[in-house]
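Peer 1: Based on the hints, put chain E with the ligands in the right spot on chain V.
Top line first, the protein sequences correspond to chains V and E.
For the first sequence, numbering that gives the first Met the number 0 assigns the number 0 to the initial residue and increments by one for each residue that follows.
For the second sequence, numbering that gives the first Met the number 0 assigns the number 0 to the initial residue and increments by one for each residue that follows.
Note that these hints are calculated values from the structure, not bench results.
Check before you lean on any hint, since a few could be wrong.
One copy or any two copies: either way a pair holds, since identical chains are not told apart in the list.
Below, computed lysine to aspartate or glutamate pairings styled on DMTMM-like, alpha-carbon distance capped at 20 angstroms [what the hints assert, rightly or not]:
#1 K60 - E131
#2 K26 - E131
#3 K28 - E131
#4 K60 - D164
#5 K43 - D113
#6 K3 - D164
#7 K18 - E32
#8 K43 - D168
#9 K60 - E11
#10 K17 - E162
#11 K43 - E124
All of these numbers come straight from a predicted model, not from anything done at the bench.
2 protein chains.
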Amino acid sequence: MHLKEYEEIKSECLNYLKKVGIQLSEKEKQNFEVADFGLGRIRKLGLQLVVYINTERYCAKELILLPRQTCPEHIHPPVNGSLGKEETFRCRKGTVYLYVEGPETKNPKAIIPDGYEAYLSVWNEVILQPGEQFTIPPNTPHWFQAGDNGAIVSEFSSTSTDENDIFIDPRINRIPVITD
Amino acid sequence: MHLKEYEEIKSECLNYLKKVGIQLSEKEKQNFEVADFGLGRIRKLGLQLVVYINTERYCAKELILLPRQTCPEHIHPPVNGSLGKEETFRCRKGTVYLYVEGPETKNPKAIIPDGYEAYLSVWNEVILQPGEQFTIPPNTPHWFQAGDNGAIVSEFSSTSTDENDIFIDPRINRIPVITD
Ligand SMILES: [Zn+2]
Ligand SMILES: [Zn+2]
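Just chain V, with the same shape it has in the complex (with noise of 0.2 angstroms):
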């Protein structure tokens, strides 16, 4: 991802926290965490995070989607003998449209990014409204997209290593990598 496309994203997703009223310190605001996961289409295939806090028991992120932006369906491994990471999405604005494992859902509300199909394997979709929250076991693929207006997620989980993620699309690189 270019630093122009950053900084673009970064600053409309600071300002729909502000509008929602979420406040971040100076230090998290640096931080800001803009993921393509490699792919090149950031509007449609990404994910925003503020991470609040994670050590070696817990962890606790801010997600903000931007309207019709889908996170690329992943499972969380068991990694050094622990379980895998246990994860609870939290609606904090707009509406997430969550998929996990069971029965398939007819009629999904999710917009599937065009030529994505392929790399989408579950589709019991969870809709998540402001106050509701779904929590996602272990080792489980699991992904979700924003409604038409965006979404903003609390996360709150066992401890997070990002690199450890598997994504069933084999392009992914999870580690951004931003250029000049």
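Peer 2: Positioned in the frame of chain V, the structure of chain E with the ligands alone reads:
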């Protein structure tokens, strides 16, 4: 605590959350916790909370403090071979005066509830404004008070077992008793 007082405090807190844009589910509203610690002085010594999630690995709560309300000093001791609860307080609204182990702060901002000096032993002051946070190590004493306008604090932590908390004030009963 009498049911009428519980309902009154609860209603004030739900209005505060609503004003700030933090939405709760119906179930969370029903389970809203008002803790007077058995001291019978809820507006001076107490805490209100919503437990979002509490698994065997992590926990997240929203804490709501009335203006100048104090959460009494306590410790989260080791339990069943765990280290004891580690917790991060993130201020969302208002001001929080947090006291932890360390050098005593001269002229602390907290206003001590009448006759409560004897039950407060740590005086290293941490002031939290919205967007600021602090992590309290396991098994260390801490207490906190909201500023003049109350406060809302997101708590991210390892698993919570409130019944194991140790309070300095021996009269305290952590699990609320509500009577008609
Ligand atoms: Zn995940
Ligand atoms: Zn505590």
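Peer 1: Taking the hints in turn, state whether each one holds.
Peer 2: Quick rundown of the hints versus the structure:
no. : hint       : verdict
1   : K60 - E131 : both (16 angstroms within a copy, 14 angstroms between copies)
2   : K26 - E131 : between (29 angstroms within a copy, 10 angstroms between copies)
3   : K28 - E131 : between (26 angstroms within a copy, 12 angstroms between copies)
4   : K60 - D164 : within (16 angstroms within a copy, 26 angstroms between copies)
5   : K43 - D113 : within (9 angstroms within a copy, 58 angstroms between copies)
6   : K3 - D164  : neither (27 angstroms within a copy, 50 angstroms between copies)
7   : K18 - E32  : within (19 angstroms within a copy, 29 angstroms between copies)
8   : K43 - D168 : within (14 angstroms within a copy, 55 angstroms between copies)
9   : K60 - E11  : within (18 angstroms within a copy, 28 angstroms between copies)
10  : K17 - E162 : neither (29 angstroms within a copy, 37 angstroms between copies)
11  : K43 - E124 : within (19 angstroms within a copy, 45 angstroms between copies)
The structure does not agree with the numbered hints 6 and 10 stated previously, though it agrees with the rest.
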